[in-house]
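Go ahead and model the full structure; you've got the sequences and the hints to work with.
Residue numbers (the numbering used here), protein chains in the order written: chain Z, -15 to 270; chain F, 4 to 346.
The hints are simulated quantities; they were obtained by calculation from the structure and are not laboratory data. We treat Cβ as the ideally placed atom computed from N, Cα and C, and that holds for glycine. A couple of the hints might just be wrong.
[What the hints assert, rightly or not] Here are some of the chain Z residues that sit facing chain F, going by a computed Cβ distance under 7 Å:
id, residue
1, Thr25
2, Gly46
3, Asn220
4, Pro222
5, Glu231
6, Arg233
7, Cys241
8, Ala245
9, Gly248
[To be verified] Listed below are the simulated DSBU-like cross-link pairs for lysine-lysine, each with C-alpha atoms no more than 30 Å apart in a straight line:
id, chain 1, residue 1, chain 2, residue 2
10, Z, Lys80, Z, Lys133
11, Z, Lys144, Z, Lys223
12, Z, Lys18, F, Lys70
13, Z, Lys22, F, Lys251
14, Z, Lys28, F, Lys70
15, F, Lys8, F, Lys31
16, Z, Lys(-2), F, Lys108
17, Z, Lys80, F, Lys251
18, Z, Lys(-2), F, Lys29
19, F, Lys19, F, Lys8
20, F, Lys38, F, Lys56
21, F, Lys299, Z, Lys223
22, Z, Lys68, F, Lys251
23, Z, Lys68, Z, Lys144
24, F, Lys108, Z, Lys28
25, F, Lys31, Z, Lys78
26, F, Lys70, Z, Lys80
27, F, Lys108, Z, Lys22
28, F, Lys97, F, Lys27
29, Z, Lys(-2), F, Lys56
30, Z, Lys(-2), F, Lys97
31, Z, Lys(-2), F, Lys31
32, Z, Lys18, F, Lys251
33, Z, Lys81, F, Lys251
34, F, Lys70, Z, Lys78
35, F, Lys29, F, Lys229
36, F, Lys208, F, Lys62
37, Z, Lys22, F, Lys6
38, F, Lys62, Z, Lys(-2)
39, F, Lys29, F, Lys56
40, Z, Lys81, F, Lys70
Residues per chain are reported as follows:
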Amino acid sequence: MTASKDKEEISTYKTQPAEILAIRDLTDDTRYFKLRCKDITMNKDFQYRPGQFVIFSLPGVGEATFSLSSTPTRRDFIEFGIRKVGSFTEALFKLKKGDTIDIRGPYGDGFEMEDLRGRDLIIVSGGLGAVPLRSVLLYIEDRREEYNKVFFLNGARSPKDMLYKRDFIAMNQRQIIDTHLAVDEDDTGEWPYNVGFVTQLIPKLGELIDSENTTAIICGPPIMYKFVIQELLKLNIPKDQILMTLERRMKCGQGHCGHCAVGGRYTCLEGPVFTYYDVQHIKELI
Amino acid sequence: MSKEKFPEFVELIKSKGKLFGPVKQKEKYSFEEIKDFSELDFDYQRTIISPKKFITPAKYSTLRFVKFGQTEVLPDDEPQIVMGVHPCDIHAIKILDRLFLGNIKDPYYAKRRENLIIIGHSCLPDDKCVCQSTGTDMVEDGFDLFLTELDDFYLLWVGSDKGLGIAIEAENLLEENVSEEEIQEYVRWQQERSSMFTTSIPSYKYLADIIHLNYDSDVWEQFGEKCLSCGTCSLVCPTCNCFHVDDKIMMNAEEGIRERMLDSCTLPYYSMVAGNHDFRPDRTARLKLYYTHKLKEYIGRWGQPSCVGCGRCIAYCPVDINVITVSNALFEEVCETQEVCDQ
Chain Z
-15 MTASKDKEEI STYKTQPAEI LAIRDLTDDT RYFKLRCKDI TMNKDFQYRP
35 GQFVIFSLPG VGEATFSLSS TPTRRDFIEF GIRKVGSFTE ALFKLKKGDT
85 IDIRGPYGDG FEMEDLRGRD LIIVSGGLGA VPLRSVLLYI EDRREEYNKV
135 FFLNGARSPK DMLYKRDFIA MNQRQIIDTH LAVDEDDTGE WPYNVGFVTQ
185 LIPKLGELID SENTTAIICG PPIMYKFVIQ ELLKLNIPKD QILMTLERRM
235 KCGQGHCGHC AVGGRYTCLE GPVFTYYDVQ HIKELI
Chain F
4 MSKEKFPEFV ELIKSKGKLF GPVKQKEKYS FEEIKDFSEL DFDYQRTIIS
54 PKKFITPAKY STLRFVKFGQ TEVLPDDEPQ IVMGVHPCDI HAIKILDRLF
104 LGNIKDPYYA KRRENLIIIG HSCLPDDKCV CQSTGTDMVE DGFDLFLTEL
154 DDFYLLWVGS DKGLGIAIEA ENLLEENVSE EEIQEYVRWQ QERSSMFTTS
204 IPSYKYLADI IHLNYDSDVW EQFGEKCLSC GTCSLVCPTC NCFHVDDKIM
254 MNAEEGIRER MLDSCTLPYY SMVAGNHDFR PDRTARLKLY YTHKLKEYIG
304 RWGQPSCVGC GRCIAYCPVD INVITVSNAL FEEVCETQEV CDQ
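Here's what the structure looks like:
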């Protein structure tokens, strides 16, 4: 049940019961879930990297994949941000604090945070993309001295649609990471931060970063990638330093069921994190 | 082994487990359970469904649950023997083995595979067999025993320890020494068989490049328009293994099962994620995935394409979209636009 062990060992579909420690509304339709494996050793051994995902199982409803939203630098619990969009999440939203859910994983190839040490980082998220990238952000906050300049650009449709708004505003105040929050439209008239698309914030970073030494990390709705990548390329960020995490339909998480294939790659094994360089020629990507 | 001894040999094999073999049913063949030797009919080209049905059945449960608790459902331990498997289908099983028993082992596949004894059988091609093009017309491993049927006798190959065990048990039915003439007869048969293939995919060895060059070709659009999205190609293809997982609750609302069933990338919703975003909403995109994955991407991943030339898509696609029509159309497209295929 750990990613660090040999792959041979994640050979079964056996799940672990995990207790729901907390639930909180993030937006109208998105909730924060905090879980802990009931088995103490399992809980201790649950090692993961930002960008990896876990599969939840609800007998009678099915299985679904969710990105880890917590950081491995903070032990003893795992966190998720989940939007109610289908039958599985509908059932999941009926659960309460103290209930148990079965999980298996973690799966996928996440971000190699160690490899990014000493680099400038531009982290761009939109909508639900904030969920996996929150893991990256918290990781960096905990080990800030290992990284050079870090910028975080987060976009949402409107102030009430911004996930982890509280966390991110606090992050902005802490100034450990240079945080820029943007909403497409400010319907409240009270939004103190940027109004407009996140893409508009990118050109300003040009003077602040050392392009060759910069890595960009993107996650957001399919439409966002194209525009964000265009802007990042204008800043001369190397193609192999644009990291993106993709969403695909998945059933097994082990490269067997076939659903997550993009080109010759299985998103669940070689992804969900890909570099733009690797996938630039895969046309059905986004 | 002389032909008279063959029924006795089958009887011996039957004692090892549940025996399946090719049976003729309404002009079509299928692998069915064999109660009596007379049911077997080895004079066939292809069954509707390949022996993949013994290792990745069309539908099976993986989990059983009641209100409080769940148990994993693993396949039975009962050994199954499948006789009369042709070289192409053995190659297909080798491809599935690589996927399901590679780095990450699938427990359900592994269990079924462990309990499966494969007894191959020689065959003669018809106009739909393209295994010579795909290089899967002969097989050297991947079976437990392999029978080559010649005029008066069978030549028996042993391909595994399990197969050797059976051969030792059948000692009194087998002749130990193969004479020079018998080998000559086999060689003659082999040459004759090789000359019997009438259909080929001339562009096969360039297919990966051809597909790459033709990624945006109109050809896909044309096939996409014809495709019915029925999924027959995946159902009959011996290497198609994609599966869907679904939970079912019984009428009493207290127990249920998690089922795994064959899926096909040509079916709608194959690539749809929560929130109704479909990465491949049209038939063209899904058909393109089917053929690029099979004929091109597999090479990058496993070193060879996953077509074994069994001819099932040729026989069963209701609108004639198959490995030959697709590769020929793409080949012609390349020839029209680029002067790369003078050879």
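Handout entry: Agreement of Lys80(Z) and Lys133(Z) with the hint, judged by alpha carbon distance not exceeding 30 Å
Key = This hinted pair is violated, its Cα atoms lying about 40 Å apart.
Exercise for the section: Let me know if the C-beta of Ala245(Z) comes in closer than 7 Å to any C-beta of chain F, holds or violated. Expected result: Ala245(Z) check passes; min Cβ-Cβ to chain F is 6 Å, inside 7 Å.
Practice task
Below or equal to 30 Å on CA atoms is what counts here, so check Lys(-2)(Z) against Lys97(F).
Solution key: Holds. Lys(-2)(Z) to Lys97(F) sits at ~26 Å (cutoff 30 Å).
Handout entry: Straight-line alpha-carbon gap Lys68(Z) to Lys144(Z), limit 30 Å
Key = Holds - the C-alpha atoms of Lys144(Z) and Lys68(Z) are around 16 Å apart, at most 30 Å.
Problem - Pair hint outcome, Lys19(F) versus Lys8(F) [Cα-Cα no greater than 30 Å] - result: Judged against 30 Å, a Cα distance of about 18 Å means the pair holds.
Problem - Pair hint Lys38(F) and Lys56(F), alpha-carbon separation not exceeding 30 Å - result: Status holds; Cα separation ~19 Å.
Problem - Hinted contact Gly248(Z) with chain F - closest CB pair below 7 Å - result: holds, 3 Å
Practice task
Would you settle whether the hint for Arg233(Z) is holds or violated, based on the nearest Cβ-Cβ distance to chain F being less than 7 Å?
Solution key: Status holds, d = 5 Å.
Handout entry: Proposed proximity, Lys56(F) with Lys(-2)(Z) (alpha carbon, max 30 Å)
Key = holds, 24 Å
Handout entry: Proposed proximity, Lys62(F) with Lys208(F) (alpha carbon, max 30 Å)
Key = Not satisfied, since the Cα-Cα distance of roughly 35 Å exceeds 30 Å.
Problem - Pair hint outcome, Lys29(F) versus Lys229(F) [Cα-Cα no greater than 30 Å] - result: holds, 28 Å
Exercise for the section: Below or equal to 30 Å on CA atoms is what counts here, so check Lys97(F) against Lys27(F). Expected result: holds, 26 Å
Going down the numbered hints, you'll see the structure goes against 1, 3, 4, 10, 11, 18, 25, 31, 36 and 37, while the others check out.
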